[in-house]
Amino acid sequence: MNVTEGFRESWDMIRHNRLRTILTMLGMNIGVASVIAVMATGLMGRGAIMKGIENIGSSLLWVQAAKDSYPTGRDITYMKPEDLSTLASIVQDTAWISPNLRANYPMGYRGDQEISAVYGVWPAYQRMWGRALQAGRSISQDDVDQRRRVVVLGMNTARAFFQTEDAALGNSVSFAGKDFTVIGVMAKKERSPVDDGSDDDTAYVPYEILSDVTSWDQYGGPRIMRIYLKVHDMADLDYVSGRIDQYLGHKYGTVEGKPRFVVKKAEDSIQTTNKVFDIITTVITLIAGISLVVGGIGIMNIMLITVTERTREIGIRKALGAKRRDILAQFLIESIIICLIGGGIGILFGIGITAIISVAQRWEYLLPWAAILLGLGVSIGIGLFFGIYPALKAARLDPVVALTKE
Amino acid sequence: MIQLESITKVYHMGKLDVPALRGVTLRVEEHEFVAIMGPSGSGKSTLMNIIGCLDRLSEGSYVLDGIDVSRMVDNDLAEVRNRKIGFVFQTFNLLPRMTSLRNVELPLVYSSVPKRERRDRAMTALKQVGLENRALHRPNELSGGQRQRVAIARALINRPAILLADEPTGNLDSKTGEEIMATIQDLNDHGATIILVTHEPDIAACARRIVAIRDGLVTRDEPVVQRTLHSVGGFES
Chain A
1 MNVTEGFRES WDMIRHNRLR TILTMLGMNI GVASVIAVMA TGLMGRGAIM KGIENIGSSL
61 LWVQAAKDSY PTGRDITYMK PEDLSTLASI VQDTAWISPN LRANYPMGYR GDQEISAVYG
121 VWPAYQRMWG RALQAGRSIS QDDVDQRRRV VVLGMNTARA FFQTEDAALG NSVSFAGKDF
181 TVIGVMAKKE RSPVDDGSDD DTAYVPYEIL SDVTSWDQYG GPRIMRIYLK VHDMADLDYV
241 SGRIDQYLGH KYGTVEGKPR FVVKKAEDSI QTTNKVFDII TTVITLIAGI SLVVGGIGIM
301 NIMLITVTER TREIGIRKAL GAKRRDILAQ FLIESIIICL IGGGIGILFG IGITAIISVA
361 QRWEYLLPWA AILLGLGVSI GIGLFFGIYP ALKAARLDPV VALTKE
Chain B
1 MIQLESITKV YHMGKLDVPA LRGVTLRVEE HEFVAIMGPS GSGKSTLMNI IGCLDRLSEG
61 SYVLDGIDVS RMVDNDLAEV RNRKIGFVFQ TFNLLPRMTS LRNVELPLVY SSVPKRERRD
121 RAMTALKQVG LENRALHRPN ELSGGQRQRV AIARALINRP AILLADEPTG NLDSKTGEEI
181 MATIQDLNDH GATIILVTHE PDIAACARRI VAIRDGLVTR DEPVVQRTLH SVGGFES
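If you're matching them up, the sequences are chains A and B in order. Positions 1 to 406 (the working numbering) are the ones given, in order, by the first sequence. Positions 1 to 237 (the working numbering) are the ones given, in order, by the second sequence.
Mixed in with the good hints, there may be bad ones.
Chain B regions said to be covered by chain A (calculated; three or more residues, Cβ under 8 Å) [what the hints assert, rightly or not]: (1) 23 to 31; (2) 49 to 56; (3) 102 to 114; (4) 138 to 145.
In short, the hints are calculated from the structure, not lab data. From the three backbone atoms N, C-alpha and C, an ideal C-beta is built for every residue, glycine too.
Turn these sequences into a full structure, and let the hints guide you.
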């Protein structure tokens, strides 16, 4: 019997047992749909996050004390302001650079108070993070040169004090005993795997100003926790990080044979994020895959019932000259067709669910072609795997026994 | 056409060996019309299954149309059944979901005859039994006699060496039964070799030769003296 005949016979059978076939297919529908939806969601979610990272770019890197290198109890070495100026001159043509000095202050406006994280940064800082302003302007080189006490507020703080972002501009807020003129308000922050830890409460002031108002006595002078850089050309990434290592290593030496400072690259966190995403997607896909196994068992069950019901038919076919492989093919084709139709409908459902998720999450719609092909492949595979036993059972029936079966 | 030499068949039921045939020797020539008779439990069904290549013999040899089928494996037997034997069963054994035409062409499907030729030959066979205008009916839309004639058309489709009819009238009323016997006699008159299995003397009397079986042995093998002849009338259709 050739394949066309097999398809014809199977199609007749499926039409004849419509309700039963539909119920059997449900398992495949759900299984394939969930696998596709999970894979597509993973793909789209990753796409959205990667797009967020693209705004910042993988060309970002930062320098900080290598805390892991220090034995417990040992004082950690921090960078000094002169290191910042030296590094700035080293990378001046190849990268943007900015310190990130952090302090927490109660910030006041006409008797209201909000606790706010204040970051002391250079003008390049906002450019390198690509963060948008809701109102006003960001810190300029002129502000730094003129030693102006200016502040860019986070959206939440601006709203708490002034209701709207625009109303904040030109007003003064006070912290650390000084008044600061509001020159800008940040737009709402979007989360990203590469992050400086800021939120919508964070305020930004020129680094020099923040350093001046901070009391450094207990630390024995100003120090810098972290310096951010962004290379203009990705090709310079390793060069820049190498030069920083070289400079700091030469100046500060090592602690217990390990470097005192570490240069971290955003690129590495992107790869980490990718890995984590892969693991999560794989795990959830496997869980969704369990429903495919359940669906397959359903198929096997119904095929076994079919073989039993059609024992006499099998006997007749054998009497008329059907060989084992003819009977085997007939029942295998039948289970594969059930799985393929079930899987096909599942694929449509999966695409639908994916579309709904993409609209709800405002993610760019990505159809996982790999998942669709996989869905079809898995359907055929399940039809074969779970269909082979019932089909073999049918093929091995003894014609005399099968013919006398009522 | 058929040469059975000292055939035995033993069924193994657990520890018990049950002999169904205990040494049957039988020759059937081309164009013969043989009725195999015997009460139930006589071994006639076993003999029929062996002649029909549905079952394998325990000892002895069986040569069908020049081919030794005694030691053949499953798949080869299937091919012999397909090409050499046409079955007509008591319960018709048509496939219920299929039209008459499809039922009749089924043996050709298993011998890989192209679709168009299959159609043509099945239609011709249906014409032969006067059912060309029932080609697209399913078995449950046909009378018992019509169903049996579809089965006969199916049995003849591959131009078999022998037509093996097992109680072909058992599920039919006597008038329809006579019509079926007339058809079978007519086929024999036109050259078909026919083996008829029955326990009814009336039906056996339609054949030209009767072989009686009892307790797994041939007890009588003689020509029919007073043959019952049915004439093929116009088929009801």
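Hint by hint, which ones does this structure get wrong, listed from lowest number up?
-> 1 and 4
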